[in-house]
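Let the sequences and hints guide you as you build the complete structure.
One letter stands for each residue in the lines below.
Protein chains: 2
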Amino acid sequence: MSTPSSLESLIEALRCLPGIGPKSAQRLAYYLMQRDRAGARQLAEALQLALGALRHCQRCNTFTETDICERCLSGKRDASLLCVVETPVDMNMMEQTHAYSGLYYVLMGRVSPLDGIGPSELKLDRLLERASDGSVQEVILATNFTNEGEVTAHYLTEMLKNRSIRVSRIARGVPVGGELEYVDPGTLAQAFRERRPLAE
Amino acid sequence: MSTPSSLESLIEALRCLPGIGPKSAQRLAYYLMQRDRAGARQLAEALQLALGALRHCQRCNTFTETDICERCLSGKRDASLLCVVETPVDMNMMEQTHAYSGLYYVLMGRVSPLDGIGPSELKLDRLLERASDGSVQEVILATNFTNEGEVTAHYLTEMLKNRSIRVSRIARGVPVGGELEYVDPGTLAQAFRERRPLAE
Numbered sequence: 005m006s007t008p009s010s011l012e013s014l015i016e017a018l019r020c021l022p023g024i025g026p027k028s029a030q031r032l033a034y035y036l037m038q039r040d041r042a043g044a045r046q047l048a049e050a051l052q053l054a055l056g057a058l059r060h061c062q063r064c065n066t067f068t069e070t071d072i073c074e075r076c077l078s079g080k081r082d083a084s085l086l087c088v089v090e091t092p093v094d095m096n097m098m099e100q101t102h103a104y105s106g107l108y109y110v111l112m113g114r115v116s117p118l119d120g121i122g123p124s125e126l127k128l129d130r131l132l133e134r135a136s137d138g139s140v141q142e143v144i145l146a147t148n149f150t151n152e153g154e155v156t157a158h159y160l161t162e163m164l165k166n167r168s169i170r171v172s173r174i175a176r177g178v179p180v181g182g183e184l185e186y187v188d189p190g191t192l193a194q195a196f197r198e199r200r201p202l203a204e
Numbered sequence: 005m006s007t008p009s010s011l012e013s014l015i016e017a018l019r020c021l022p023g024i025g026p027k028s029a030q031r032l033a034y035y036l037m038q039r040d041r042a043g044a045r046q047l048a049e050a051l052q053l054a055l056g057a058l059r060h061c062q063r064c065n066t067f068t069e070t071d072i073c074e075r076c077l078s079g080k081r082d083a084s085l086l087c088v089v090e091t092p093v094d095m096n097m098m099e100q101t102h103a104y105s106g107l108y109y110v111l112m113g114r115v116s117p118l119d120g121i122g123p124s125e126l127k128l129d130r131l132l133e134r135a136s137d138g139s140v141q142e143v144i145l146a147t148n149f150t151n152e153g154e155v156t157a158h159y160l161t162e163m164l165k166n167r168s169i170r171v172s173r174i175a176r177g178v179p180v181g182g183e184l185e186y187v188d189p190g191t192l193a194q195a196f197r198e199r200r201p202l203a204e
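Residue numbers (my numbering), protein chains in the order written: chain A, 5 to 204; chain B, 5 to 204.
No lab work stands behind these hints: they were computed from the structure.
As the structure is a prediction and not an experimental result, all values here were calculated from the model.
One or more hints might be untrue.
Same chains, same label: a pair holds when it works inside one copy or across any pair of copies.
Calculated pairs, DMTMM-like style, for lysine to aspartate or glutamate (alpha carbon to alpha carbon, straight line, at most 25 Å) [as the list claims (entries may be wrong)]:
id, residue 1, residue 2
1, K27, D137
2, K80, E198
3, K27, E69
4, K127, E154
5, K127, E185
6, K127, D94
7, K80, E125
8, K27, E152
9, K165, E49
10, K165, E183
11, K27, D40
12, K27, E16
13, K27, D94
14, K127, E198
15, K127, E183
16, K80, E49
17, K27, E74
18, K80, E142
19, K80, E183
20, K127, E49
21, K27, D129
22, K165, D188
23, K165, E125
24, K27, E154
25, K127, E16
26, K127, D40
27, K27, E99
As structure tokens, this is what we get:
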């Protein structure tokens with residue numbers, strides 16, 4: 005007598021989106037059906053297309069529509085360097101620096117025991133295999149400097165040590181352009197501890 | 005070299021959702037493709053289904069999968085009363101009160117000049133036609149007490165007057181269980197103005 009079943013199903017389905025509760029899902033469903041049917045149709049098609057086309061690169065694990073992504077296939081990258089990041093977005097951020105010409109491995113997540121994501125959920129054995137292929141000389145850990153990112157970096161260090169692969173971590177410190185007044189004490193303490201010699 | 009095109013399209017398509025900007029769309033797309041492909045599939049199917057099945061009731065304008073919705077077809081409702089609400093959600097709210105047994109008309113929006121929604125966008129002539137079918141004796145305006153809702157109510161009053169149909173507005177005042185201390189001055193002023201006599 006109240007909500008038609010197809011609308012009910014749509015509201016329910018929209019709840020798969022993170023951060024969308026029952027009220028928001030209802031609002032989104034009404035909006036799509038009342039104000040933007042073209043957008044709704046496009047979204048349905050884009051979802052189907054992406055579900056069909058997207059998989060993980062067999063080498064770097066990022067999203068790709070081919071077996072191995074363009075970057076991994078490119079001969080122009082330094083194959084001795086492997087930078088480990090949490091997400092494809094992080095990888096794009098690194099690329100925008102134009103400061104790195106090696107290859108990547110995208111974890112597609114982070115070790116996060118509270119969310120039930122451990123080393124096996126992240127398939128870290130695939131990273132180990134990738135790093136042990138003979139070409140990689142240095143693994144650069146570029147996970148976030150959050151608790152989970154640090155735990156992940158620690159775990160990876162343990163996993164990779166004693167394998168004649170150098171393991172490094174990108175530097176922490178005061179951001180470029182940063183004023184000490186506005187930097188948090190933790191970052192500042194780290195910047196002290198990891199200070200670099202300039203002159204003797 | 006960076007984002008696969010199907011992923012790019014998905015990110016773009018997710019932006020049709022109100023309140024979702026480029027960063028959120030990216031986050032949602034990665035989440036769906038990495039963590040909840042089943043949810044993504046369900047969402048795509050629910051969208052397609054709803055797009056195919058949902059239309060507007062020819063009498064009350066709410067979402068329905070049939071020409072005329074169950075409520076309008078029901079013989080148990082008082083056909084002399086027509087309650088005008090902005091959205092199907094509002095209609096559900098009214099139903100939950102069990103205080104009303106008449107029929108409804110759902111505007112599917114409100115007059116909102118700033119958003120380019122005027123009387124013709126709301127197809128108010130359909131409401132006029134519905135209210136003039138001979139059976140309706142009173143139209144109860146239950147649009148929101150927001151600026152847009154009040155403007156809509158005002159517009160509808162003008163449209164419906166001098167047609168030998170009673171037009172009324174649901175009451176404003178202090179909410180049931182409300183403490184005066186926490187009621188805003190506007191509501192309180194209205195409660196004064198619309199006070200009801202109890203004893204002489």
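Evaluation of the provided hints:
1. K27 / D137: neither (50 Å within a copy, 35 Å between copies)
2. K80 / E198: neither (33 Å within a copy, 78 Å between copies)
3. K27 / E69: Between copies, since 22 Å is at most 25 Å while 35 Å is not.
4. K127 / E154: Classified as within; 18 Å inside a copy, 58 Å across copies.
5. K127 / E185: For K127 and E185, the Cα distance exceeds 25 Å both inside one copy (41 Å) and across copies (58 Å).
6. K127 / D94: Classified as within: same-chain Cα gap 19 Å, cross-chain 48 Å, threshold 25 Å.
7. K80 / E125: neither (32 Å within a copy, 57 Å between copies)
8. K27 / E152: between (31 Å within a copy, 21 Å between copies)
9. K165 / E49: Close neither inside one copy (46 Å) nor across copies (47 Å); limit 25 Å.
10. K165 / E183: Neither, since 36 Å and 66 Å both go past 25 Å.
11. K27 / D40: Both: 19 Å inside a copy, 21 Å across copies.
12. K27 / E16: The answer is both: 11 Å in one copy and 24 Å across copies each meet 25 Å.
13. K27 / D94: between (32 Å within a copy, 13 Å between copies)
14. K127 / E198: Answer is neither; intra-copy 32 Å and inter-copy 67 Å both fail.
15. K127 / E183: Classified as neither: same-chain Cα gap 40 Å, cross-chain 57 Å, threshold 25 Å.
16. K80 / E49: Neither. Shortest intra-copy (35 Å) and inter-copy (42 Å) distances fail the 25 Å Cα cut-off.
17. K27 / E74: Classified as between; 24 Å across copies, 42 Å inside a copy.
18. K80 / E142: within (17 Å within a copy, 77 Å between copies)
19. K80 / E183: neither (37 Å within a copy, 71 Å between copies)
20. K127 / E49: So K127 and E49 fail the 25 Å test inside a copy (30 Å) and across (30 Å) alike.
21. K27 / D129: neither (41 Å within a copy, 31 Å between copies)
22. K165 / D188: neither (32 Å within a copy, 65 Å between copies)
23. K165 / E125: Cα proximity of K165 and E125: one copy only (21 Å, versus 67 Å across).
24. K27 / E154: Classified as between; 24 Å across copies, 36 Å inside a copy.
25. K127 / E16: neither (31 Å within a copy, 29 Å between copies)
26. K127 / D40: between (40 Å within a copy, 17 Å between copies)
27. K27 / E99: Intra 39 Å, inter 17 Å, cutoff 25 Å: inter-copy only.
Hints 1, 2, 5, 7, 9, 10, 14, 15, 16, 19, 20, 21, 22 and 25 from the list above are not met by this structure, while the remaining hints are.
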